[in-house]
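Peer 1: Put together the whole structure using the sequences plus the hints.
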Amino acid sequence: MAFDIPKTAYSGKIKEVKLGSGGKAVTVGGETAYPFYLFEGQMPNLPKIAMEVYDSPPEEWPAAALEPFAGVTNDPVAWAKKCITDYGAEMICLQLKSTDPNGLNRGADEAAAVVKKVADAIDVPLIVWGTANHDKDTEVLRKVSEVCQGKNLIIGPVEEGDHKKIGASAIGYRHTVVASTPIDINLAKQLNILLGNLGVPDDLIIMDPTVSGIGYGIEYCYSVMERMRMAGLTQGDDKLQFPIICNIAKEVWKTKEVKIPEVEDPKMGDAKKRGILMEAISATALLLAGGDVLIMRHPEAIKLVRGVIAELVK
Amino acid sequence: MPLTGIEIFKLLPKTNCKQCGEPTCLAFAMKLAAGKVELALCPTLSEEAKSKLAEASAPPIRPVSIGAGGRTVKVGGETVMFRHEKRFENPPGLAMLIKDTLDDAEIDKRLERFNTFQYIRVGLTLRPELIAIRNDSGVADKFVAVINKVKQKSDGALILMSAKADVLAAGAKACADRKPLLYAATKDNADAVAALAKETACPVVLKAGSVDELVELSNKLTAAGIKDMVLDTGSRTLRRAFEDQIWVRSAALAKKFRPLGFPTIVLPCEMTDDPMKEAVIASVFVAKYGGIVVLSDMRGESLFPLLVERLNIYTDPQRPLATTEGIYEIGGPNENSPVLITSNFSLTYFIVSGEIENSKVPSYLLVKDTEGLSVMTAWAAGKFVADAIAPFVKKCGIADKVKHHKLVIPGYAAAESGGLEEELSGWKIMVGPREAAHIPAYLKTWTP
Numbered sequence: 000m001a002f003d004i005p006k007t008a009y010s011g012k013i014k015e016v017k018l019g020s021g022g023k024a025v026t027v028g029g030e031t032a033y034p035f036y037l038f039e040g041q042m043p044n045l046p047k048i049a050m051e052v053y054d055s056p057p058e059e060w061p062a063a064a065l066e067p068f069a070g071v072t073n074d075p076v077a078w079a080k081k082c083i084t085d086y087g088a089e090m091i092c093l094q095l096k097s098t099d100p101n102g103l104n105r106g107a108d109e110a111a112a113v114v115k116k117v118a119d120a121i122d123v124p125l126i127v128w129g130t131a132n133h134d135k136d137t138e139v140l141r142k143v144s145e146v147c148q149g150k151n152l153i154i155g156p157v158e159e160g161d162h163k164k165i166g167a168s169a170i171g172y173r174h175t176v177v178a179s180t181p182i183d184i185n186l187a188k189q190l191n192i193l194l195g196n197l198g199v200p201d202d203l204i205i206m207d208p209t210v211s212g213i214g215y216g217i218e219y220c221y222s223v224m225e226r227m228r229m230a231g232l233t234q235g236d237d238k239l240q241f242p243i244i245c246n247i248a249k250e251v252w253k254t255k256e257v258k259i260p261e262v263e264d265p266k267m268g269d270a271k272k273r274g275i276l277m278e279a280i281s282a283t284a285l286l287l288a289g290g291d292v293l294i295m296r297h298p299e300a301i302k303l304v305r306g307v308i309a310e311l312v313k
Numbered sequence: 000m001p002l003t004g005i006e007i008f009k010l011l012p013k014t015n016c017k018q019c020g021e022p023t024c025l026a027f028a029m030k031l032a033a034g035k036v037e038l039a040l041c042p043t044l045s046e047e048a049k050s051k052l053a054e055a056s057a058p059p060i061r062p063v064s065i066g067a068g069g070r071t072v073k074v075g076g077e078t079v080m081f082r083h084e085k086r087f088e089n090p091p092g093l094a095m096l097i098k099d100t101l102d103d104a105e106i107d108k109r110l111e112r113f114n115t116f117q118y119i120r121v122g123l124t125l126r127p128e129l130i131a132i133r134n135d136s137g138v139a140d141k142f143v144a145v146i147n148k149v150k151q152k153s154d155g156a157l158i159l160m161s162a163k164a165d166v167l168a169a170g171a172k173a174c175a176d177r178k179p180l181l182y183a184a185t186k187d188n189a190d191a192v193a194a195l196a197k198e199t200a201c202p203v204v205l206k207a208g209s210v211d212e213l214v215e216l217s218n219k220l221t222a223a224g225i226k227d228m229v230l231d232t233g234s235r236t237l238r239r240a241f242e243d244q245i246w247v248r249s250a251a252l253a254k255k256f257r258p259l260g261f262p263t264i265v266l267p268c269e270m271t272d273d274p275m276k277e278a279v280i281a282s283v284f285v286a287k288y289g290g291i292v293v294l295s296d297m298r299g300e301s302l303f304p305l306l307v308e309r310l311n312i313y314t315d316p317q318r319p320l321a322t323t324e325g326i327y328e329i330g331g332p333n334e335n336s337p338v339l340i341t342s343n344f345s346l347t348y349f350i351v352s353g354e355i356e357n358s359k360v361p362s363y364l365l366v367k368d369t370e371g372l373s374v375m376t377a378w379a380a381g382k383f384v385a386d387a388i389a390p391f392v393k394k395c396g397i398a399d400k401v402k403h404h405k406l407v408i409p410g411y412a413a414a415e416s417g418g419l420e421e422e423l424s425g426w427k428i429m430v431g432p433r434e435a436a437h438i439p440a441y442l443k444t445w446t447p
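Chains as they are written, first to last, in numbering that gives the first Met the number 0: chain A, 0 to 313; chain B, 0 to 447.
FYI, nobody ran anything at the bench for these hints, they're computed from the structure.
It is possible that some hints are incorrect.
[Claimed, not checked] With the Cβ distance kept under 10 Å, some of the chain A side facing chain B (calculated, not the full set): (1) 6; (2) 7; (3) 11; (4) 211; (5) 262; (6) 264; (7) 281; (8) 283; (9) 306; (10) 313.
[As the list claims (entries may be wrong)] Straight-line alpha carbon distances no greater than 27 Å define the calculated BS3-like cross-link-like pairs of lysine-lysine that follow: (11) 359(B) to 255(A); (12) 85(B) to 238(A); (13) 9(B) to 30(B); (14) 249(A) to 276(B).
We put the CB at the ideal spot given by N, CA and C, even for glycine.
Peer 2: Set out below in structure tokens:
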């Protein structure tokens, strides 16, 4: 009996979306098969990793996560530059934590000025992530869109409750939107349809299925992402053929398992390595489920995941 | 290919005798096709029909057991490519490598780690299952001595690895009572190793240089009467090994290709020298179809993440994990500490307890049994409403632990606050945040 490699019947293709502008712009998507099933189709653009920068100094990060950014955590421009120069970041994600109404509640103008400074200082694509508070994000992200016209930022999260106003400003100033839904394939499809109806062109949309790390329900987003790829690639569902972005680092590094010191629980091993592996393994699982852009934090975790991507296509 | 209900019906006695518990033979056939009843329930089946049906209903990937007694590991038995299609059945066994060239002290340390690395999560004990003893010395006596030592100090299931059939035989005889997995039959020693597997009734790994070669080997051992096999495609680069896993599983499931209808074994320990890289490579195979994953060593920092990843991927999508109902003390609370209540969906519990811990405000967390539903779903289903919550709060004994009688309920259950104040006389109900992420800010301003 000879062995034939079974083949999946594909009928669709993931849309290609260009992020950023200028020489360092990147293109994501374009897959014609399941993630890394290179024996069945192409992955013309390998998944990209964006490095996190915060617009206010982080609180309660474990030492392992702070160490690589010592000296720059109170300056988003310096932080972003360090990520690019020292750690080879292909993209930056500026998390606008300071705008959280439950936290510092910084105003839209101030936040947008910081985004503009970062955007002007770097040449790689810039993702700008709000706080998922509809009113506040609408205010902040519209201002950001306006002052950063021409940069082709990636702005989000854009949810059903605020998609109209943020979507309109993204069309107006030509930025890509992150269509964000709570771990549900039907809601994801619906939001993509709504954005389409609003007039957001397909090449300005990427999807955020809402992700979590290992030990915290990663199986839910893992399966939703697999189903999105299945619908897009084998059932020709063009409303689910968008690249997927995963804002994973902040989910991993806030858990208690990355914080427990080894002296408190020796079975958990070295805290720094454990944190790095919790992030790298979470990110790897999301890659296998269909992630096109991973937002990550620790340079060592990023190196490991880059290694996995390189070896899966070698 | 699996038979349809109609095809099964043709083989049944068609007497509608009802002895199987179904009203008609057709109804029985339909249930059999759906895997809902056992063939043995039909008392009047002909021998011919029995053998035809048994063959057709054999699982596409054979479940294989390794080990004996309490620590038996079952791998294989998978029925789908994607977990949402049904569920993944048997989590990949994690194995720690022990070379027989290591000195005694190092072996002791490894066994100590293997035995003590256990983690309790959602009421389950997460731990590695297997120890792979590899004959690097080439000497049978050395191999047997290490096997005996491991046997004596650990009850983990064993994998015996040797390139020499005679050394493997010596090892197998030293621990046949533990039903070790023999590694491996290759095209050069297939006859000898097949005979050994048969004699000792141990499961055996087939190792080949390619999937094609593996098919040949599998046919050969099947012909020799061996049933419990595990497949090593021989690939030691990530891309090749990843593709092999997909091919093997899809051939077995989509094409019912019997020669590949067995669980696999992958060896990240032979794919890199860097322990961090090895852990990430192993994580690929935990998600994508590894049956047994052999690691060069076990350290808490890499084992724990792999175990929780495995727990997540192998969770039945149709059955949410639940936490035990009760009072959870976080951060050493006292009689003036806040009391919060939430549902027993394990994810809810992890996130809420994590945020309480982040707040650094010692607290009591009451976890109400909601049959594994999240707060909002449980509320909508009437399992997290005033007349379900109140009796639990009364009987759990929290009233004796705190001086104040204030209960913080999740923002999503705000509608229950009135009902709860009525049912829990003397308690003040406070509505907490909707999102767990806002718990720390909330608790910092909480006063008794």
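Peer 1: Next, verify each hint and record whether it holds.
Peer 2: Going through the hints against the structure:
1. 6: holds (9 Å)
2. 7: Constraint on residue 7(A) satisfied, holds at 8 Å.
3. 11: violated (17 Å)
4. 211: holds (8 Å)
5. 262: It is violated, given that the least Cβ distance between residue 262(A) and chain B is near 12 Å, above 10 Å.
6. 264: holds (8 Å)
7. 281: holds (8 Å)
8. 283: holds (5 Å)
9. 306: Given a least distance of 6 Å, the restraint on residue 306(A) holds.
10. 313: holds (5 Å)
11. 359(B) to 255(A): Distance ~12 Å between residue 359(B) and residue 255(A) Cα, so the pair holds.
12. 85(B) to 238(A): Within the cut-off at roughly 25 Å; holds.
13. 9(B) to 30(B): With a Cα-Cα distance of about 14 Å, the restraint between residue 9(B) and residue 30(B) holds, given a limit of 27 Å.
14. 249(A) to 276(B): holds (22 Å)
In this structure, the earlier hints numbered 3, 5 are contradicted, and the remaining ones agree with it.
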